[in-house]
Amino acid sequence: MVTMGLLLALSFVVSLLALAFLIWAISNKQVAPDQHDARVIFEPGDEGHVDSGETATSRPYHFDTVRSGIDAVSTRPVAVLLIAATVWLVIGSVFGLVASLKLHWPDWLSDHAALTFGRVRTLHLNLVIYGWLSQVGIAAMIWVLPRIFHTPLRAPRLPLIGAALWNAAVLLGAIAIANGWTDGEEWLEIPWQLDLVLALAGVFFMVPLIKTTLARQVHHIYVTGWYFLAGILWFPCLFVIANLPYVHSGVEEATVNWWFAHNVLGLWLTPIGVGTAYYFIPKIIGKPVFSYAVSLIGFWGLALFYSQVGIHHLIGGPVPTWVATLSVVHSVMMFIPVIAVAINQHITVGQNLWALKESLPLRFIAFGALMYTMASFQGSIEALRSVNSVTHFTHYTVGHAHLGAYAFVTITMFGAVYHMLPRMTGRVFRWPALINAHFWLVVIGFAIYFFGLSIGGWLQGLAMLDGTRPFSESVILTKPYLEARSVGGALMTLGHLVFAFNVASILLPQRVPESVRTVPAE
Amino acid sequence: MNNYLPLSIISLGILAFATLMLVIAPGIEMARPEPPAGLRPYTAEEQRGRDVYVSMGCLYCHSQQPRAPEQAPDGERGWGRPSVSADYFYDSPHQLGTMRTGPDLLNVGARLPSESWHLTHLYQPRAIFDWSIMPAYPFLFEVKAKAEEGDVVVALPPGFAPAEGVVVASQEALDLTAYLLSLDRTYPAPEDGIRDDGYRPRGDAE
Amino acid sequence: MTADRRPQRDPRHPDEHFEPYELDASIPWPLLGIAVALGVWGAATLFDTRRHEERAQVERIEDTRLATGQAVEPGHALFEASCATCHQSNGLGIRRAVPPLAGSPFVQHGPELVANIMLRGIDGPIRVNDALYDGHMPSFASVFTDVEVAELASYVAARWGENDRVLEAAEAAELRGRVSDLGSFRGGAGVAEDTGLALGDQPPFASGTLQPVAPEISALIFEGRGGQWSCASCHGDLGQGRENTPRLAGLPADYIRKQLHDFAAGRRLNESMAVVVAELTDEEKQALGAYYSGLRVPSNARPDLGGDLERGEQLAREGDWSLTVPSCFSCHGPSGFGVAPEFPPLAAQHAAYTASQLAAWAGGQRTNSSLDLMEHISSALSAADRRSVADYLASLPPVPAGTGDTLAAQGEDR
Chain U
0 MVTMGLLLAL SFVVSLLALA FLIWAISNKQ VAPDQHDARV IFEPGDEGHV DSGETATSRP
60 YHFDTVRSGI DAVSTRPVAV LLIAATVWLV IGSVFGLVAS LKLHWPDWLS DHAALTFGRV
120 RTLHLNLVIY GWLSQVGIAA MIWVLPRIFH TPLRAPRLPL IGAALWNAAV LLGAIAIANG
180 WTDGEEWLEI PWQLDLVLAL AGVFFMVPLI KTTLARQVHH IYVTGWYFLA GILWFPCLFV
240 IANLPYVHSG VEEATVNWWF AHNVLGLWLT PIGVGTAYYF IPKIIGKPVF SYAVSLIGFW
300 GLALFYSQVG IHHLIGGPVP TWVATLSVVH SVMMFIPVIA VAINQHITVG QNLWALKESL
360 PLRFIAFGAL MYTMASFQGS IEALRSVNSV THFTHYTVGH AHLGAYAFVT ITMFGAVYHM
420 LPRMTGRVFR WPALINAHFW LVVIGFAIYF FGLSIGGWLQ GLAMLDGTRP FSESVILTKP
480 YLEARSVGGA LMTLGHLVFA FNVASILLPQ RVPESVRTVP AE
Chain F
0 MNNYLPLSII SLGILAFATL MLVIAPGIEM ARPEPPAGLR PYTAEEQRGR DVYVSMGCLY
60 CHSQQPRAPE QAPDGERGWG RPSVSADYFY DSPHQLGTMR TGPDLLNVGA RLPSESWHLT
120 HLYQPRAIFD WSIMPAYPFL FEVKAKAEEG DVVVALPPGF APAEGVVVAS QEALDLTAYL
180 LSLDRTYPAP EDGIRDDGYR PRGDAE
Chain H
0 MTADRRPQRD PRHPDEHFEP YELDASIPWP LLGIAVALGV WGAATLFDTR RHEERAQVER
60 IEDTRLATGQ AVEPGHALFE ASCATCHQSN GLGIRRAVPP LAGSPFVQHG PELVANIMLR
120 GIDGPIRVND ALYDGHMPSF ASVFTDVEVA ELASYVAARW GENDRVLEAA EAAELRGRVS
180 DLGSFRGGAG VAEDTGLALG DQPPFASGTL QPVAPEISAL IFEGRGGQWS CASCHGDLGQ
240 GRENTPRLAG LPADYIRKQL HDFAAGRRLN ESMAVVVAEL TDEEKQALGA YYSGLRVPSN
300 ARPDLGGDLE RGEQLAREGD WSLTVPSCFS CHGPSGFGVA PEFPPLAAQH AAYTASQLAA
360 WAGGQRTNSS LDLMEHISSA LSAADRRSVA DYLASLPPVP AGTGDTLAAQ GEDR
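Residue numbers (numbering that gives the first Met the number 0), protein chains in the order written: chain U, 0 to 521; chain F, 0 to 205; chain H, 0 to 413.
Since the hints were made in silico from the structure, they are not lab data.
Just so you know, not all the hints are guaranteed correct.
To be verified - Chain H regions said to be covered by chain U (calculated; three or more residues, Cβ under 8 Å): (1) 16-24; (2) 33-39; (3) 42-54.
Since this is a predicted model, take the numbers as computed values, not measurements.
For every residue, glycine included, the Cβ atom is placed at its ideal position computed from N, Cα and C.
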């Protein structure tokens, strides 16, 4: 297959050239914020530190979102999306916990088809991806984009319609899956007829965000905006192509499946998580991020490399060698953008560790950002053929998936929600200790979950690779680790209940004296 | 970056390029006009059974893609020769799977050809494997006082049979078993078979 | 966390209106270094994999040609590999044990009859040129492809029967289809009867191999009983097995009985077999052993584990003394036809089954061989060796009719 080999080489060369061009352009100031912007936003000697004592309006990089009325417009759609997302999070994690328990109590709840492992697990995945993460991500976009563009959200009623459609589709999708009506591929189980509704709902989310972008009052788009704006373009393309019915079949369908499923992580959930962290970390700390140039590498590197890693889910399978290798190589190349993001975010946090003590939301977000680095490093290494032979087909990959989708994205979004809610409602959390409890429940729960599955999965993989050990050994030895996972999962689920309580407690009308109502603390 | 239009165009361009590389090019390479010799289409019953397999989510624990001997001892375990893309000619939705919480099933019909064994195993896996963590599927069966004409009675070891009556397989269970028994890709791989050969080929020295 | 705290805030803390932005720092050089290093690594990996890929494709084509019989090999090489062990390279056979080919009227009738006998095998007394033989020719139907059958039959007929007719592969295929269900020829008389050819005076065939099966045993085998699945439901109607479900046809009765005992007693572990044997009586185990030992079935095993057949042949015939592994055939009889009751036939056993048992011995899950011989041998073999020898044994013709004892004796003769 000379032609395919050439294509392969071509693809990688194109990616490398694109990255090299980007670095060249950066070093030649081709893509720096232009001079006009610099004149407007910089005042001599004012970069890099925040001086207090002046009024907000007269200072650069300061903008009052409350007085300008921007937040007020966003509050309703954001609140609706957050409430729905929180409900799905709780339901989704209960299903996750049930699925986890069923792996070591296989005869528990086995009398109904709807409660069989294969369906409960699927419900968990779809509810947390489409119900929780996607909605909380869109909520963060609706909150953040108008703020960084200094203009109120346009068409603010559309997201409400979108939310109604989206949640109806997620609910119907869940009912369909529970009753055995499924498209039958991982991450794409919701029947395509309902996917049409999801896609339509997506339009109602996209239009206001893009209209807001076009109406923006600032020239320069802050890095969070790149991630969010690219994400809302990428995800619909992925979703529609992968869900086209009657087009895909056989192994080609499998490549579409994993091209989609990994891009949902890379080009949808990751932009949500990284974009959110990019906004809230400097926002809470009050210091800028380290480098514009590095953030460009992080973003375009993600786009170039992450988009081609999906087939590492089929290593050693019935796909052309070159496409598997292509995904392996691109997976490892992901080190570049991940290190770039790590430099920008961790340096900002690391130089301001005091803020972690001060701000509970920052604690969630900084932890999540750190987990992005960890998950990506782990993913790059896991894609190497030698490592993949052990870890693929085992619970290790489940641990990895949760490191990305949970420890990184979900925990980052928890922080964002805790930061947004007081500013949306003008109220404070009445029991900050519960926020702290939520943090430690999910962090400790996740640690048990992750280390349990990683160690158990690795041992399981080694057992399966050794022909002199019967297959049964790979099952038996994982049982204690699966039990540990249930313990961790139970703590995480408990944490989510606390989270839901916190969200409810601040959104429900409170009997708090008007005098206490003020901009809340972190 | 200051403009949304270039940002959008380049972002989507990169995604289109990735789609070309990961989906379209391999799709063209793997496309073939006809199935390999030795592979037959699913019968109506097997196809119904496949639908049951899909709806029960068997794929979340069972892969259908034996690996090459250079990578893993799948052949020794009786899971069959390394599969090639042509082996999946009739499969949609694909069920390649990413987990081996249970064993690979692409050739389960060859290595476990007993219908009655599968029915027992589906009704209660722990009747055979006391260590198994596979779900039981009692809802695919019916407990009757007496088997009627045409009923397939499930053989159950003592301790797993109901106190009274017999366990009879539903049509779904029979279909599912028919599908499992049809899983047999032991015919020789076609010459132009495509698979990931990225592990050390046999010719290399140890 | 209330408004009261506001005045005591950390003085470094910003006010609410701070807007995130990026500083203008340049790219740190380590990041550039890592990017360059990864780029080089990626290019090298791609190049390396392409080499693997091309090679694997070539090997797969070879494998497929081998499996579908498109390999072009002269009949001579095939004869030396598969026939000469018994009929000898000079075609003279072994006195009183293996009939000669040279000058045999059977061979003189031409390649079609030779091919027919190769495909069906002979089970029963046969007279060749005034000498009487106890015929135990295995069926080679599973071993040779149509092309190979045609080449080999043409070669044998031309060299020892002086018959120049050339059998075409298509004719061999047609013949194979015609005789596939007929089983072995019943001695020389059976050959004469079935083909209508003049073959001289042939001794009458006396059926002695297949005992009538008691109805209860037949029910166990074909229908199962209570909580037990039938034997045939997994091992096939003819005891031929598939993949890692073993071929039982032709295994010694006592060997089968011992294995059933060992499953019941937990000396040999297999969950499904444990269920099946739980309620078998000793008599039933004996009867099942007797039934399967008498079955004569063509082989359906194939070398399909991707093992190295030359290495497998070396291990089977010579062993590997650098590993202190004796040859398989030194205990399991010439051509792996078995030595009852301790040493089961290995020939035509499924490669996945043989390899899985070797692995089980090596891993300590199977511990019931006599004198722990197999535990020792299996542990010394690498995974690749296990596959190689299993593949080679799967490529052999099945155990012929007759007892393992006679064949072992023949082996010693030579």
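Subject >> Numbers of the earlier hints that this structure fails to satisfy, in rising order >> reply: none
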